[in-house]
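Just so you know, we're using full-length UniProt numbering here: the sequence shown kicks off at 1 and counts up by one.
No lab work stands behind these hints, which were simulated from the structure alone. For every residue, glycine included, the Cβ atom is placed at its ideal position computed from N, Cα and C. Please note: incorrect hints may appear among the correct ones.
Claimed, not checked - The list that follows gives simulated cross-link-like pairs (lysine-lysine, DSS-like), each with its CA atoms no further than 25 Å apart:
| # | residue 1 | residue 2 |
| --- | --- | --- |
| 1 | Lys123 | Lys90 |
| 2 | Lys90 | Lys63 |
| 3 | Lys39 | Lys70 |
| 4 | Lys63 | Lys123 |
| 5 | Lys39 | Lys90 |
What the hints assert, rightly or not - Pair ranges (Cβ atoms, derived):
| # | residue 1 | residue 2 | range |
| --- | --- | --- | --- |
| 6 | Ala45 | Gly125 | 15 to 25 Å |
| 7 | Gln23 | Asp117 | 41 to 51 Å |
| 8 | Ala88 | Leu64 | 14 to 24 Å |
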Amino acid sequence: MSSVLQPPAPIAPSIAAGAAAEQQLQVQLLSANAKAPTKGSAFAAGHDLYSAVDVVIPARGRKLVGTDIKVSVPVGTYGRVAPRSGLAYKHGIDTMAGVIDADYRGPVGVILANLSDEDFEVKIGDRIAQLVVEKIAMPNVVVVEELEQSVRGAGGFGSTGGFGATLAAAEPTAAEETEEKKE
Numbered sequence: 001m002s003s004v005l006q007p008p009a010p011i012a013p014s015i016a017a018g019a020a021a022e023q024q025l026q027v028q029l030l031s032a033n034a035k036a037p038t039k040g041s042a043f044a045a046g047h048d049l050y051s052a053v054d055v056v057i058p059a060r061g062r063k064l065v066g067t068d069i070k071v072s073v074p075v076g077t078y079g080r081v082a083p084r085s086g087l088a089y090k091h092g093i094d095t096m097a098g099v100i101d102a103d104y105r106g107p108v109g110v111i112l113a114n115l116s117d118e119d120f121e122v123k124i125g126d127r128i129a130q131l132v133v134e135k136i137a138m139p140n141v142v143v144v145e146e147l148e149q150s151v152r153g154a155g156g157f158g159s160t161g162g163f164g165a166t167l168a169a170a171e172p173t174a175a176e177e178t179e180e181k182k183e
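Please take these sequences and the hints and turn them into a complete structure.
Here it is in structure tokens:
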């Protein structure tokens, strides 16, 4: 069974009409409870994913929620399972660990985390997350002796708030310390 879902009332029909076959998000429904992902608007970044099960996400807990679908994202992309802003804001529901590789063909499950102090009930057919298909770079790994210097350097965790004209001295690397000892 193969069908193409059209975006609802596209503002720019040429965008939907110009989609090449390799840009399809192919979906296989695995049960009567499964629902194909849908977009809330023509230019929505993600396709809504739907629960295929009734489940309660305990307060401060998490559950793997089945969608009963399989997907095939285009080569050169991956699917990122992202939270729905309304669930996050109104109920403290977030998603965890949601990457769907282009060669993955198994069922799509959504890990929902309940950050609130109240249990959260999910019903069959509820929108629980969104699938955002993103382009991805696939670089080869190259081991080097040393990385190129950058303005940021090794600063992390809040260090980006003040790049000026000066560059703080970087801590010496193990190789530099060894070289200094030889001199």
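To see whether the hints hold, each was checked on the structure:
1. Lys123 x Lys90: Cα-Cα ~17 Å, so holds.
2. Lys90 x Lys63: holds, 19 Å
3. Lys39 x Lys70: Between Lys39 and Lys70 the Cα gap is close to 17 Å, so the pair holds against 25 Å.
4. Lys63 x Lys123: holds, 13 Å
5. Lys39 x Lys90: holds, 21 Å
6. Ala45 x Gly125: 15 to 25 Å: holds, 22 Å
7. Gln23 x Asp117: 41 to 51 Å: Holds: the Cβ-Cβ distance is about 43 Å, inside 41 to 51 Å.
8. Ala88 x Leu64: 14 to 24 Å: About 18 Å separates the Cβ atoms of Ala88 and Leu64, which means 14 to 24 Å holds.
The structure shown violates none of the earlier numbered hints.
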